[in-house]
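Number of protein chains: 2
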Amino acid sequence: MTAGLVELPILTPVAGIRLASVAAGIRYHGRDDLALVELGPDARCAAVFTRNAFQAAPVIIARDHLSQASPRFWLINAGNANAGTGDAGIEAASECCRALSRQFDCAPNTVLPFSTGVIGETFPTQRLVSAFPELATGLAADGWERAARAIMTTDTVPKGATANFQVDGKDFTVTGIAKGSGMICPDMATMLAFLATDARVDQDALENCLQHAVAGTFNRITVDGDTSTNDACVLAATGGPDAPTVTRSHPAYSEFADAVAQVCERLAQAIVRDAEGATRFVTVDVHGGETEAECLLAARAVAHSPLVKTALFAADPNWGRFLAAVGRCGITGLNINKVEMWFGDLLVVRNGTLVADYDEAAAGRVLAQTDVRVAINLGRGRESAVIWTSDLSHEYVTINAEYRT
Amino acid sequence: MTAGLVELPILTPVAGIRLASVAAGIRYHGRDDLALVELGPDARCAAVFTRNAFQAAPVIIARDHLSQASPRFWLINAGNANAGTGDAGIEAASECCRALSRQFDCAPNTVLPFSTGVIGETFPTQRLVSAFPELATGLAADGWERAARAIMTTDTVPKGATANFQVDGKDFTVTGIAKGSGMICPDMATMLAFLATDARVDQDALENCLQHAVAGTFNRITVDGDTSTNDACVLAATGGPDAPTVTRSHPAYSEFADAVAQVCERLAQAIVRDAEGATRFVTVDVHGGETEAECLLAARAVAHSPLVKTALFAADPNWGRFLAAVGRCGITGLNINKVEMWFGDLLVVRNGTLVADYDEAAAGRVLAQTDVRVAINLGRGRESAVIWTSDLSHEYVTINAEYRT
Numbered sequence: 017m018t019a020g021l022v023e024l025p026i027l028t029p030v031a032g033i034r035l036a037s038v039a040a041g042i043r044y045h046g047r048d049d050l051a052l053v054e055l056g057p058d059a060r061c062a063a064v065f066t067r068n069a070f071q072a073a074p075v076i077i078a079r080d081h082l083s084q085a086s087p088r089f090w091l092i093n094a095g096n097a098n099a100g101t102g103d104a105g106i107e108a109a110s111e112c113c114r115a116l117s118r119q120f121d122c123a124p125n126t127v128l129p130f131s132t133g134v135i136g137e138t139f140p141t142q143r144l145v146s147a148f149p150e151l152a153t154g155l156a157a158d159g160w161e162r163a164a165r166a167i168m169t170t171d172t173v174p175k176g177a178t179a180n181f182q183v184d185g186k187d188f189t190v191t192g193i194a195k196g197s198g199m200i201c202p203d204m205a206t207m208l209a210f211l212a213t214d215a216r217v218d219q220d221a222l223e224n225c226l227q228h229a230v231a232g233t234f235n236r237i238t239v240d241g242d243t244s245t246n247d248a249c250v251l252a253a254t255g256g257p258d259a260p261t262v263t264r265s266h267p268a269y270s271e272f273a274d275a276v277a278q279v280c281e282r283l284a285q286a287i288v289r290d291a292e293g294a295t296r297f298v299t300v301d302v303h304g305g306e307t308e309a310e311c312l313l314a315a316r317a318v319a320h321s322p323l324v325k326t327a328l329f330a331a332d333p334n335w336g337r338f339l340a341a342v343g344r345c346g347i348t349g350l351n352i353n354k355v356e357m358w359f360g361d362l363l364v365v366r367n368g369t370l371v372a373d374y375d376e377a378a379a380g381r382v383l384a385q386t387d388v389r390v391a392i393n394l395g396r397g398r399e400s401a402v403i404w405t406s407d408l409s410h411e412y413v414t415i416n417a418e419y420r421t
Numbered sequence: 017m018t019a020g021l022v023e024l025p026i027l028t029p030v031a032g033i034r035l036a037s038v039a040a041g042i043r044y045h046g047r048d049d050l051a052l053v054e055l056g057p058d059a060r061c062a063a064v065f066t067r068n069a070f071q072a073a074p075v076i077i078a079r080d081h082l083s084q085a086s087p088r089f090w091l092i093n094a095g096n097a098n099a100g101t102g103d104a105g106i107e108a109a110s111e112c113c114r115a116l117s118r119q120f121d122c123a124p125n126t127v128l129p130f131s132t133g134v135i136g137e138t139f140p141t142q143r144l145v146s147a148f149p150e151l152a153t154g155l156a157a158d159g160w161e162r163a164a165r166a167i168m169t170t171d172t173v174p175k176g177a178t179a180n181f182q183v184d185g186k187d188f189t190v191t192g193i194a195k196g197s198g199m200i201c202p203d204m205a206t207m208l209a210f211l212a213t214d215a216r217v218d219q220d221a222l223e224n225c226l227q228h229a230v231a232g233t234f235n236r237i238t239v240d241g242d243t244s245t246n247d248a249c250v251l252a253a254t255g256g257p258d259a260p261t262v263t264r265s266h267p268a269y270s271e272f273a274d275a276v277a278q279v280c281e282r283l284a285q286a287i288v289r290d291a292e293g294a295t296r297f298v299t300v301d302v303h304g305g306e307t308e309a310e311c312l313l314a315a316r317a318v319a320h321s322p323l324v325k326t327a328l329f330a331a332d333p334n335w336g337r338f339l340a341a342v343g344r345c346g347i348t349g350l351n352i353n354k355v356e357m358w359f360g361d362l363l364v365v366r367n368g369t370l371v372a373d374y375d376e377a378a379a380g381r382v383l384a385q386t387d388v389r390v391a392i393n394l395g396r397g398r399e400s401a402v403i404w405t406s407d408l409s410h411e412y413v414t415i416n417a418e419y420r421t
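One line per chain: the protein sequences are R and F, in this order. Per the numbering used here, the very first residue in the first sequence carries number 17; after that it's consecutive. Per the numbering used here, the very first residue in the second sequence carries number 17; after that it's consecutive.
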């Protein structure tokens with residue numbers, strides 16, 4: 017089930033990036049489940065990771081390697097998260113990096129490992145390592161789409177996006193892929209997302225741009241409120257010394273940052289559209305707050321409420337459930353009598369109660385759309401915030417009650 | 017569906033309390049949906065209400081009346097929450113109190129109104145008022161069970177409990193009834209719960225006792241994380257001047273407080289057992305925290321996680337989902353490698369990973385029980401906290417996607 021997810025767009029290759037995918041038999045049969053991304057020698061790399069205190073082994077290793085050296089490889093597997101695997105899991109992730117470094121004659125700490133899948137199962141190191149020779153021969157600049165498919169778990173469709181920008185009159189590209197469908201409530205990072213640009217960008221600009229993009233995109237989506245143990249989002253800039261360097265003070269920085277944010281937003285929204293069991297893509301747009309933080313409190317309370325989510329599944333304009341979620345969200349001194357709410361363009365609540373000319377059938381028609389916008393005015397100030405989420409369907413329960421069996 | 021809920025126990029009448037229930041046709045047909053509780057002239061009354069900023073009209077009126085006079089009547093209807101109804105809702109609740117005061121020749125502010133049901137529908141004042149004469153003739157000391165049935169909404173079974181205690185060698189009773197099945201995450205109060213004792217208790221002791229009992233019982237349950245707009249829990253003590261007065265310094269106070277807490281705990285657990293779609297009653301017992309607050313953070317994160325709740329529905333010992341919820345709960349400096357977790361008596365996680373002799377089949381058998389205990393040691397200190405919750409089933413989605421239609 018997906019909520020209005022379109023076909024994967026054409027993903028423009030990025031100079032300096034080659035990708036390969038193989039079926040390593042980690043968990044799935046008859047499909048790719050291991051991807052490798054090779055970064056050119058001039059590449060710089062920025063990354064953000066989950067803030068869950070329970071961090072998967074590859075997150076720990078990738079963070080460590082990133083602090084030591086310039087990455088040359090991203091190694092990504094689906095089917096096994098290598099999380100909750102203790103010292104053995106750390107050793108497994110390290111051994112994968114060492115084996116890959118032997119294959120390519122590079123330093124082990126230039127390999128960043130990423131894993132997604134079931135938590136707590138022994139990591140099948142040997143299956144990955146056995147597939148490295150095939151991975152090495154398969155590297156190609158046009159491997160983005162196949163890699164987007166290889167990293168899927170409960171995802172039903174691959175996710176990717178491309179955007180363009182100019183630096184000093186020259187055209188550059190940002191292309192990214194992501195996976196994610198459940199355990200989605202990113203905190204400073206998302207599930208797995210991999211972006212690259214052929215521009216030359218200095219480290220400070222690269223990190224700043226990624227942090228801002230993630231804060232406004234991946235960190236604004238929620239499927240189930242469950243922050244993953246494996247969240248990671250990485251961005252590489254491959255441009256060599258001949259290209260102009262984008263710094264934070266370069267006139268092209270904002271155009272570059274917009275392109276990165278655009279790709280992040282499309283990937284983040286694609287994750288919500290492909291959320292487990294999703295039938296609707298819901299934009300919760302809260303404005304009129306004193307601070308952005310209180311708008312986020314209200315938007316997240318609405319987006320996480322199982323009562324709201326089941327009402328959305330039923331296309332039931334049960335506006336009291338939305339308002340009750342706003343009421344309990346924890347904003348000090350909130351006056352519910354000043355709150356207004358719209359389903360789409362339809363004003364439903366004013367002064368804390370139903371509008372006089374309320375048309376329930378019309379409200380139901382708005383909620384029956386695949387794309388639903390719920391706007392809430394807190395009536396307290398001028399700040400705003402948006403959260404994107406999905407509904408809670410029978411299919412969600414089926415998927416999560418049966419995922420391991 | 018209920019998770020191991022036993023038959024309603026025999027509810028001991030409380031001297032000074034009479035109850036009546038009628039079918040007023042508020043929403044349901046062929047069943048009682050309106051109850052009246054009459055308190056004797058010596059009764060004192062303490063109450064706690066929802067802290068949701070979105071408060072139903074009866075909550076606003078009841079709180080106001082309680083501050084003005086000693087209550088003589090609790091008027092409780094099911095089927096319409098009179099919430100989100102604006103000024104018209106306030107007027108409706110007030111008019112019910114005035115009409116009832118004319119029926120019984122008392123002051124309007126001695127009536128406390130309580131409502132539960134659908135949010136945002138016009139309150140059918142006249143249907144209630146028309147039923148008052150029949151209510152007046154039906155008052156009886158043994159009306160507890162029938163009242164427990166009259167206040168049900170999505171509840172599938174009535175909920176009540178009785179406990180006994182002694183003051184100066186004399187026997188007294190606490191009896192209570194409650195309703196609640198969804199929108200359950202009480203904050204300083206629960207859904208609707210009504211308790212009474214025939215002891216004589218001074219106001220300070222009554223309020224103190226209720227607040228403590230609620231904090232450790234109703235405020236420790238969650239079904240869906242959604243705090244209701246109508247939560248209220250009231251306790252009356254009907255004892256007259258001939259009875260010894262229980263104060264906070266009276267030697268019988270602790271026995272009295274224990275009896276109230278016992279009744280509250282049974283009612284609170286009954287609400288979870290009858291939670292919408294519940295197939296399991298889950299005790300999340302977190303210990304080894306530096307503070308009780310951080311134990312509650314962890315327990316609530318586990319209890320609210322849809323991934324944990326669907327795993328419980330499937331009896332799937334998917335321990336990584338539990339640990340991931342602990343990891344994201346927001347405890348600063350939590351070291352996941354010190355965390356231990358048990359399913360029932362079975363140690364599953366030690367040092368942040370699976371124990372060496374883990375027996376998945378045995379873990380599955382534990383989770384397949386109706387009553388499941390999940391114990392978590394944070395490995396940081398000596399504090400602890402318990403939360404009771406239910407699982408997330410297909411039936412939950414069905415109930416909440418279809419409740420209004």
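Don't take each hint at face value.
Identical chains share a label here; the pair holds if one copy fits it or two copies do between them.
As the list claims (entries may be wrong) - Below are the DMTMM-like pairs computed for lysine to aspartate or glutamate, each with C-alpha atoms no more than 25 angstroms apart in a straight line: (1) K186 <-> D58; (2) K354 <-> E376; (3) K354 <-> E107; (4) K354 <-> D80; (5) K354 <-> D103; (6) K354 <-> D375; (7) K354 <-> E137; (8) K354 <-> D301; (9) K186 <-> E281; (10) K186 <-> E376; (11) K354 <-> D218; (12) K354 <-> D187; (13) K186 <-> D361; (14) K186 <-> E111; (15) K186 <-> D103; (16) K186 <-> D373; (17) K186 <-> D48.
Hints in this document: simulated from the structure, not taken from any laboratory. Given the structure is predicted, the values throughout are model-derived calculations rather than measurements.
The hints, checked one at a time:
{"no.": "1", "hint": "K186 <-> D58", "in the structure": "within (18 angstroms within a copy, 87 angstroms between copies)"}
{"no.": "2", "hint": "K354 <-> E376", "in the structure": "within (22 angstroms within a copy, 53 angstroms between copies)"}
{"no.": "3", "hint": "K354 <-> E107", "in the structure": "between (57 angstroms within a copy, 19 angstroms between copies)"}
{"no.": "4", "hint": "K354 <-> D80", "in the structure": "between (49 angstroms within a copy, 21 angstroms between copies)"}
{"no.": "5", "hint": "K354 <-> D103", "in the structure": "between (54 angstroms within a copy, 13 angstroms between copies)"}
{"no.": "6", "hint": "K354 <-> D375", "in the structure": "within (21 angstroms within a copy, 56 angstroms between copies)"}
{"no.": "7", "hint": "K354 <-> E137", "in the structure": "between (51 angstroms within a copy, 19 angstroms between copies)"}
{"no.": "8", "hint": "K354 <-> D301", "in the structure": "within (16 angstroms within a copy, 40 angstroms between copies)"}
{"no.": "9", "hint": "K186 <-> E281", "in the structure": "within (24 angstroms within a copy, 70 angstroms between copies)"}
{"no.": "10", "hint": "K186 <-> E376", "in the structure": "neither (53 angstroms within a copy, 58 angstroms between copies)"}
{"no.": "11", "hint": "K354 <-> D218", "in the structure": "neither (47 angstroms within a copy, 39 angstroms between copies)"}
{"no.": "12", "hint": "K354 <-> D187", "in the structure": "neither (49 angstroms within a copy, 51 angstroms between copies)"}
{"no.": "13", "hint": "K186 <-> D361", "in the structure": "neither (41 angstroms within a copy, 65 angstroms between copies)"}
{"no.": "14", "hint": "K186 <-> E111", "in the structure": "neither (41 angstroms within a copy, 74 angstroms between copies)"}
{"no.": "15", "hint": "K186 <-> D103", "in the structure": "neither (48 angstroms within a copy, 63 angstroms between copies)"}
{"no.": "16", "hint": "K186 <-> D373", "in the structure": "neither (55 angstroms within a copy, 61 angstroms between copies)"}
{"no.": "17", "hint": "K186 <-> D48", "in the structure": "neither (36 angstroms within a copy, 76 angstroms between copies)"}
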